[in-house]
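Place chain B on chain A using the hints.
If you're matching them up, the sequences are chains A and B in order. The first sequence stops at residue 1632 when you use my numbering, and every number in between is there. The second sequence stops at residue 1632 when you use my numbering, and every number in between is there.
If you are wondering where the hints come from, they were derived from the structure by calculation, not from laboratory data. Just so you know, not all the hints are guaranteed correct.
The list cannot tell twin chains apart, which means a pair is met if one copy fits it or any two copies do.
Below, a list of computed lysine-lysine pairs in the DSS-like style, where the Cα atoms sit at most 27 angstroms apart [to be verified]:
#1 1490 / 1480
#2 1490 / 1392
#3 1490 / 1393
#4 1226 / 1271
#5 1256 / 1342
Since we're looking at a predicted model, the values are computed, not measured.
Protein chains: 2
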Amino acid sequence: MSVIKVAILGFGTVGEGVYRTIQSHSEELTATLGKKVEVAAVLIRNTQKKRNISENVLVTTEFADILNLEQLDVVVEAIVDKEPTFTFLKSSIERGCHIITANKEMFAHHGKELLELAEEKNVSVGFEATVAGGIPVIQTLRQLLNINRVKQVQGILNGTSNFILTEMREKKQSFTQALILAQENGYAETDPTNDVEGFDAFYKTMILSRLAFGEEPNWQEVEREGITSITSELIEAAENAGLRFKHIASITMLDGQIKATVKPTLVGKEHPFYHVEGVQNAVNVQSDIVGEITLQGPGAGMFPTASAVIEDLVYVCQNPPVNRNLTRSLDVTTEFNKNDKQETWLVHGLIHKPITPSITWIEEMEEGTYVISASSKEVIQLAKQQKNLVYFPILGEYERVNRVKAALKAL
Amino acid sequence: MSVIKVAILGFGTVGEGVYRTIQSHSEELTATLGKKVEVAAVLIRNTQKKRNISENVLVTTEFADILNLEQLDVVVEAIVDKEPTFTFLKSSIERGCHIITANKEMFAHHGKELLELAEEKNVSVGFEATVAGGIPVIQTLRQLLNINRVKQVQGILNGTSNFILTEMREKKQSFTQALILAQENGYAETDPTNDVEGFDAFYKTMILSRLAFGEEPNWQEVEREGITSITSELIEAAENAGLRFKHIASITMLDGQIKATVKPTLVGKEHPFYHVEGVQNAVNVQSDIVGEITLQGPGAGMFPTASAVIEDLVYVCQNPPVNRNLTRSLDVTTEFNKNDKQETWLVHGLIHKPITPSITWIEEMEEGTYVISASSKEVIQLAKQQKNLVYFPILGEYERVNRVKAALKAL
Chain A
1222 MSVIKVAILG FGTVGEGVYR TIQSHSEELT ATLGKKVEVA AVLIRNTQKK RNISENVLVT
1282 TEFADILNLE QLDVVVEAIV DKEPTFTFLK SSIERGCHII TANKEMFAHH GKELLELAEE
1342 KNVSVGFEAT VAGGIPVIQT LRQLLNINRV KQVQGILNGT SNFILTEMRE KKQSFTQALI
1402 LAQENGYAET DPTNDVEGFD AFYKTMILSR LAFGEEPNWQ EVEREGITSI TSELIEAAEN
1462 AGLRFKHIAS ITMLDGQIKA TVKPTLVGKE HPFYHVEGVQ NAVNVQSDIV GEITLQGPGA
1522 GMFPTASAVI EDLVYVCQNP PVNRNLTRSL DVTTEFNKND KQETWLVHGL IHKPITPSIT
1582 WIEEMEEGTY VISASSKEVI QLAKQQKNLV YFPILGEYER VNRVKAALKA L
Chain B
1222 MSVIKVAILG FGTVGEGVYR TIQSHSEELT ATLGKKVEVA AVLIRNTQKK RNISENVLVT
1282 TEFADILNLE QLDVVVEAIV DKEPTFTFLK SSIERGCHII TANKEMFAHH GKELLELAEE
1342 KNVSVGFEAT VAGGIPVIQT LRQLLNINRV KQVQGILNGT SNFILTEMRE KKQSFTQALI
1402 LAQENGYAET DPTNDVEGFD AFYKTMILSR LAFGEEPNWQ EVEREGITSI TSELIEAAEN
1462 AGLRFKHIAS ITMLDGQIKA TVKPTLVGKE HPFYHVEGVQ NAVNVQSDIV GEITLQGPGA
1522 GMFPTASAVI EDLVYVCQNP PVNRNLTRSL DVTTEFNKND KQETWLVHGL IHKPITPSIT
1582 WIEEMEEGTY VISASSKEVI QLAKQQKNLV YFPILGEYER VNRVKAALKA L
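So here's chain A without its partners, still in its complex pose:
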């Protein structure tokens, strides 16, 4: 039986998860691929660290050693940072290897270049693990995109932020307390900037945009905001209104232009994201034939991410290279999020109510905190006039009356 030789770059959580899964599920891999999958080499940084790797596997700190292997079919990359990762993967493609990456930052920056090079060299690029961990969102989008025209993609893409928001609400903790807990649980890095300032979700959003629409918006024009501005006070006000804060990425095609935002957003209890809690991720896709589909599952972790990598491994070994979806540009126009469309907002820190007939004051939650209906233009205008005003969009229906009724009922 012929053999598929795999190299794993990096032996952190993801790298080790992939290694262990290839060992534990070798029977399934052989049955599916008709070939045995073997880890030929692992690239590490620290030679002192003890690792549970079989003796037959080349363990090296030099990428050149890996590139010089006699047989090498697939390179799985599970490092962080853009470099030298990008260089490693370029060399791997040049050698004729399929590549699989779990590195969103690198792939958001260099994905297009890698995909084009792969097309030239007739190999495949797997990147299921860059977005939403174990949820097969890339494969699902690829499939849907065969025929469906995607209109909008929304997602909870950063498990750390979602964990912090959940802890703050459920356990009445401050942002700092919840962050420390996330760090203690291994959900957040020592420097949490990437997660809590929305960079991680931003990179994933750009990857989804390329997949859904064949291109990305101008990065500078994407509204990116993390969760650091969300206070316990705001969370409580939202909860009193039957709403929950979620850090939501949204990508829409509007008049032939991609509009993307990555920011804290409020959702009501009938929204499919309302119950996505802790380190879970979720993705909602709206497309023309099928309508709206939501996928929910583990956004990170050793095995969910390993599962995504292994699914990619099967995909790249089984299918001829297809990069078409990633460079095409569909002519889609939708009526979403027009600037002058009325939306529902929670505004907080309002000192005086302006006399603007086009703003509807739905409910006063507490002093200075209102649920309003207005266009985004008007809300931005409002924030310009009043310093310290914060505002968050509310997705889905907001119905005060029903909410109070339900609460009374529940007693």
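Quick look at chain B alone, frame taken from chain A:
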């Protein structure tokens, strides 16, 4: 450019949706398949009915005419009933055509035979549209199953039942009122037995079982119960307890045996099915590497179902026939649903509380209605002793204290 010739059997909601989608998305189909897709023939029953079908298409009441076409690559079946459908599809496979079906009853009964025949003739069988409409659950399971070992599949698989339960709860309607509304909206047939007695969900469950575990449980041993026993009173009692009735199919591998149930079940508000409302469907898959994934979307309707058929069309034309997953039998054992495991139940119609130390009485909702913790053996025992007692499992956490707190808070 070469052409893929398709015949559509039946021109009801699904058949017409497929026809119209092939016309409206022909560009995408050509781009994806590298071939033009053409509807060559449509099988109809009633020649008097006016239909919007192009003149180039053979419209016939005779299946033989279709089988005699010079070129025929894919047969899409969108009829109801087991016969003559099954015979038509067997002949189609014999002729060397890929087949795609949206007919769950036929496929639950004859799927295995069709798959085996297809394997012999080296053609593919697409059946994405038989389960959960537009949600790509079959494809997702196929992918996950490449490597993951599935432990449990649960689903809301019947949109009609879910619509009725939603209407009953939201609008305080009786079962009959909600059923009439479902019929008026085209969600339920004149004879609604298949939907409300759980047969439709049962067939889908058997199809999912074959996909997930390579086999089906003994049909006679499957606990199948519809929603006709759910009264407004029960729905209100459940709502007061923060619970919602859902008609849930569950398939688990237990000690090498498949255990399947299709029945009304209660879910708490943190369960991913709590918010699956109206004609929506949802499927939750638990597998060993990736953990738990939930998919939610439109369970029926012209275009969602057409989308599933078209995805199948792409799949059967692009991929070599793979029926392996559907005949293999995995050696999976799990610890789910053991008969003596403590579970949470809502019991209604209890006349006297028995003295049984192993039953924990969590809460009395109203006279004769309790939330209890007990094994399924004990609950069955309880029902044997007391006529008219009804009981429903509660999935997920049940927490009285938090619920009351939340309700007070929300005021």
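When the hints from earlier in the document are held up against this structure, which numbers fail?
No hint contradicted; all consistent.
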